[in-house]
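Visitor: So you can see what is in the structure, the chains are spelled out below.
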Amino acid sequence: MFQPELETMPRSALADLQLARLRTQLARVYVNVPIYRRKFDEAGFRPEQLETLDDLRRVPFTVKDDLREAYPFDMFAVPLRDIVRVHSSSGTTGQISVVGYTRGDVERWSDLMARTLSCAGATADDVVQVTYGYGLFTGGLGAHYGSERLGAMTIPVSGGNTARQVQVLKDFGVTTLACTPSYALLIAETAASMGIDVRSLPLKIGVFGAEPWSEAMRTQIEEAMGITAIDIYGLSEVMGPGVASECVHKSGLHVFEDHFIIEIIDPVTLEPVPDGEQGEVVFTTLTKEGIPVIRYRTRDISRIVPGECACGRTFRRMQRVTGRTDDMLIIRGVNVYPSQIEQVLMSIDGVAPHYQVVLGKRGSMDTVEVQVEVGPDVAFDEIRGLEALQRKVAGAIASSLAVSVDVKLVEPRTIQRSEGKAKRVVDLRNEGA
Amino acid sequence: MVEQLSVFLANEHGRLARMCRLLGNCGLNMHSLVVADTAEYGVARVICDRPHAARGVLEREGFAVSVTHVLAAQVPDRPGALADVLESLDAAGINLEYVYCFLKPDSSTAVDILRVEDAEHATEVLTAAGIGLLHASEIYDPDEI
Chain A
44 MFQPELETMP
54 RSALADLQLA
64 RLRTQLARVY
74 VNVPIYRRKF
84 DEAGFRPEQL
94 ETLDDLRRVP
104 FTVKDDLREA
114 YPFDMFAVPL
124 RDIVRVHSSS
134 GTTGQISVVG
144 YTRGDVERWS
154 DLMARTLSCA
164 GATADDVVQV
174 TYGYGLFTGG
184 LGAHYGSERL
194 GAMTIPVSGG
204 NTARQVQVLK
214 DFGVTTLACT
224 PSYALLIAET
234 AASMGIDVRS
244 LPLKIGVFGA
254 EPWSEAMRTQ
264 IEEAMGITAI
274 DIYGLSEVMG
284 PGVASECVHK
294 SGLHVFEDHF
304 IIEIIDPVTL
314 EPVPDGEQGE
324 VVFTTLTKEG
334 IPVIRYRTRD
344 ISRIVPGECA
354 CGRTFRRMQR
364 VTGRTDDMLI
374 IRGVNVYPSQ
384 IEQVLMSIDG
394 VAPHYQVVLG
404 KRGSMDTVEV
414 QVEVGPDVAF
424 DEIRGLEALQ
434 RKVAGAIASS
444 LAVSVDVKLV
454 EPRTIQRSEG
464 KAKRVVDLRN
474 EGA
Chain B
47 MVEQLSVFLA
57 NEHGRLARMC
67 RLLGNCGLNM
77 HSLVVADTAE
87 YGVARVICDR
97 PHAARGVLER
107 EGFAVSVTHV
117 LAAQVPDRPG
127 ALADVLESLD
137 AAGINLEYVY
147 CFLKPDSSTA
157 VDILRVEDAE
167 HATEVLTAAG
177 IGLLHASEIY
187 DPDEI
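Order-wise, the sequence lines are chains A and B.
Convert by adding 43 to the 1-based position in the first sequence; the result is the number in our numbering.
Convert by adding 46 to the 1-based position in the second sequence; the result is the number in our numbering.
Simulated from the structure, these hints should not be mistaken for laboratory data.
All figures in this text were calculated on a predicted structure; none of them were measured in a lab.
Glycine residues also receive a C-beta, built at the ideal position from the N, C-alpha and C atoms.
Worth double-checking, as some hints may not be accurate.
[What the hints assert, rightly or not] Restraint-style ranges between C-beta atoms, simulated for each label pair:
no., chain 1, residue 1, chain 2, residue 2, range
1, A, V469, B, N71, 30 to 40 Å
2, A, D240, B, T84, 33 to 43 Å
3, A, A422, B, A63, 19 to 29 Å
With the hints as extra help, turn the sequences into a complete structure.
Guide: Okay, structure coming up:
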């Protein structure tokens, strides 16, 4: 554990710390950020009215559009001369938004990413290959600073050039790999095609995040690479990676609650849901100076995992993110997340982990086509064998998700491989006629 | 038993041509090619002179290739010869998945490629009926690397 005195703090002491920090944070943003002052005033809320943590419910939400409208710096809570770094959101869902960090923010972020790596089992003795992209994306530099803070030997490879990733992995004796889970699979695949068995290398830990992935995909990566694969969570608007992380017990991601307050809300009524129920994740930063966010709606779907963790950390856990509110598909009235389709596909023998979901329209009906690569394990000599596979996939999806989909078999390696976030869903519903 | 390559082909322009060109460029000669097609994809079944080499070439270029073991019955090139073979199988209650034929170059014998459910049983039945089965070495070099 990197900061045991904080990570195992009694819940009552943690609540006191959160309340004190929250008061300061709300007062600061009210004074320094006109957008927050306007929102608070409109809602009839004044920071000094906050008496308990429950009063946070009276504070207005912040949404992605607020950050976009503030482009580039209007939500910063300090003068630009106090900002030492900027990053931006990856822009996967629209115009980018910019986030700024003070020197103190970078310090705290480094600690939190060191905690994350430590949660995964890494120590100063490890060799960490950082394959998240370096640049405006928070992944690369976030993991880099955390790895250095931990004292590990840090290799800033950044993303791309998969053959070189494999070379470094092998030649530098890398023990810990930090990248997106879909890229980890591509690295394993590429290594195999180069005649290198990743399982025979010193690599033992994977720190994977930045996109939703499933338990089945974890099993697949762990088997292909011979490692323990840990899910990490973060988003640039809140800080970057290092907001929450699984520990080696892999039973939910500990939210670093001394720096962030997590709430789970119903995305329609906006009311908090009881612990254990699914909803949209909302974060409030407690210590961020550059660009604090108050009740930021992440659009990520998760739930609080009830109970205590065997690792001794007292921070509550959120379940791995199962999707985003804006990824959610409504197929003939049924709500489906792409990750649920993935979970089904991974449980079927002969279906490679590479799939794509294509949404279309037939008349006024939404249609879903699941494209599946024909893997080496499929005995496809007979057409009826292929047809049976199609029926099996469609049947499995129909029985577990209650939606009917068309299954299209495609040749190996024809679904685009991603070096960053995988493009799992192609939405053609608003294109063409 | 003879090794047949089965190649999964997306129903796209030029995909079969691409497969054939790759084999041609490597000096690999096909004795027979049959394509089973559906609206969305096809499966090309290939008997060629160096199946292992052909598989390697195609897989390197991203084709999905599997090796299927099939029976190769040698029959005279005359009317009714295939009917004799099929009737023997039918009489023994052996299900046929698919069949196709080609002529052996420079000879008057035909080769019937048979994919059956129970190859061992079919071998006994055909041998008892006096129908010759070709060994892999009579079609290609089975030891090639």
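Visitor: Give a verdict on every hint.
Guide: Going down the list of hints, with the structure as the test:
For the hinted restraint 30 to 40 Å between V469 (chain A) and N71 (chain B), the CB-CB distance of approximately 34 Å keeps it satisfied. Separated by about 37 Å at the C-beta atoms, D240 (chain A) and T84 (chain B) satisfy the suggested range of 33 to 43 Å. Checking the proposed 19 to 29 Å range against A422 (chain A) and A63 (chain B) shows it holds: the Cβ atoms sit about 26 Å from each other.
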